[in-house]
Amino acid sequence: MTPASSTATPTATAVVEVENLSKHFGNVTALDRVSFSIQKDSITGLLGRNGAGKTTIMQLLTGQDFVTEGEVRVFGHHPAENAHVLRNISFIKESQKYPDDFRPKHVFRSAPWFFENWDADLAERLVDDFRLPTNRKIKKLSRGQLSAVGVIVGLASRAPLTFFDEPYLGLDAVARQIFYDRLLADYAEHPRTIVLSTHLIDEVSNMLEHVVVIDSGRIIMDAAAEDVRDSATTVVGTRSAVEAFVSGREILHRDALGGLASVTVGRLGSDDRAAATAAGLELAPVSLQQLIVRKTTATYGEAGGES
Amino acid sequence: MTTALLEASTTAPGAFARIWNVVRLHYTNRWTILGVPWMIIGFVFLVNLAIWIIIRSASGGQTSLDGTQWSGSTAYIFIYSIVVAVQAMNQTFSFALGYSATRRDYYLGSVLAFGVQSALFTIAFVLLSYIEEWTGGWGLGGHFFANAYFGTGPIWQRMFTVFGAFLFCFFIGSISGAVFVRWKLNGMLVLMGIVAVLGVGGFAVAALTNAWSAIGAWFVASGATGVVAWLLIPSALAAIIGFFVLRRATPRG
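Residue numbers (the working numbering), protein chains in the order written: chain A, 1 to 307; chain B, 1 to 253.
These are calculated hints, taken from the structure and not from any lab test.
Some hints could be false.
Said to hold, decoys possible - Computed list of lysine-lysine pairs in DSS-like fashion (alpha-carbon distance at most 25 Å, straight line):
no., chain 1, residue 1, chain 2, residue 2
1, A, 137, A, 105
2, A, 97, B, 184
3, A, 140, A, 97
4, A, 139, A, 105
5, A, 139, B, 184
6, A, 97, A, 137
The structure presented is a predicted model; accordingly, all values stated were derived computationally and were not measured.
Put together the whole structure using the sequences plus the hints.
See below:
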């Protein structure tokens, strides 16, 4: 997917603009000339393997770390040490350190001072939903409860630009579902720009409007989620009918069981789809996670070949 | 064009409000910042009190407790203040950046918080020093809050020595903490190395010029007030340098 599809919308509504951003830690290049933009009031997934650079990007966008080269503009300005920009940002990371002997109640007491849009009622409801013991020392909370503290701050802060860096760590499946549900519900009522990095792509794939995939410090995909999902379809039916339909098309994957075949092909236009249905074939979507895994491993294979 | 995205909010906090929010952040957990120090002071005081009672009863009320004015047991709370400042730089810094505070707002807010904390201690210590005098050393002639180092003399002197001493401890702690946050273990080692070199250098100068008696005389002549006045210089230096150290620090785990 080329960046061209992401700049189809006017950049006047871009909340985040990144141009040729590089970050070096000594000899290690964490980010290599990364460029992308994030539109206002959207949910973007920042995806990639471990160590790809997702957290580094978020730290640069929130001014928590410093740029080596390139330009970052958040709300039109460079974010580092800029209080007017930063007060609109909430960055929830799983490695957040809390002062010794702090309890969740201290966190929820102090957060409103830093986030003007803080909704205390929402925070209370979320505390109940996640069953968080507010009077227990943070050191003594379970991994899931610790994540819940971060998630609650991120949701209740209603910051115009909210980053969640792997917020699901430690959350059990029920808690994750609560998080997704509350996030979507609140996003519908109070639209804002949300950037979410996660490994559990399929769990959030319905929520994502835009997808940015990083691998080894480079952007390998920057597209609307719809476009990515449409980039492949699985055609299922009798072997002969399927083979007839897919001949001459880009074939990504084959599967067969007896007389049935299931072949994943590249992008299908609406006429192709009509033709497939007319031929008695079923069309099934390909999961976003599989598409991204495939794209990541394909790029990795190419890069490995080059070096 | 994109500046339109930052709607001018009437509730946007100004610079002082943001700095004050950092002060409030330091005071969020009242137990750590107010409870524990006073528990320490209270405990050390009770230990001293017990010792006075023991001495008095063992000697049948004959021994004068004048010597207790040289007791250094009040040093505990000053050392603890250094520790508090180091902890603040390390943990509260990461936490405040997690709330999207800027380093500048955080540092200025912390400096102000140290000032507030020093002021609170000063008011309490000065009051207690007067109470100690009025009760004749807590009824036993002991010295704790009115001793050879602080707590005697006119009120301005009492306030100045205690305030200055706490400020010094907080800023020594905060620059150590800031160095650690920015440069981690290597930074701490370099800082300790520098302090060691300066210390050995000072010792060498004193020993080679046989200036010990002169140094002793200077301390006696300046008194606690004079020493604290001179300590204001390293305090200010530590405060200023700490700002530049923290400016490029990152809250990496």
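Holds or violated: residue 140/A to residue 97/A, with C-alpha atoms at most 25 Å apart: 13 Å, holds
For the pair we were handed, residue 139/A and residue 105/A, check the Cα-Cα distance against 25 Å. 13 Å, holds
Take a quick look at whether residue 137/A and residue 105/A sit within 25 Å of each other, Cα to Cα. 9 Å, holds
Quick one, are residue 139/A and residue 184/B close enough, alpha carbons at most 25 Å? 22 Å, holds
Taking only the CA atoms, is the gap from residue 97/A to residue 137/A under or equal to 25 Å? 13 Å, holds
When you check the alpha-carbon spacing of residue 97/A and residue 184/B, does it fall within 25 Å? 16 Å, holds
Going through the hint list in order, the structure satisfies each hint without exception.
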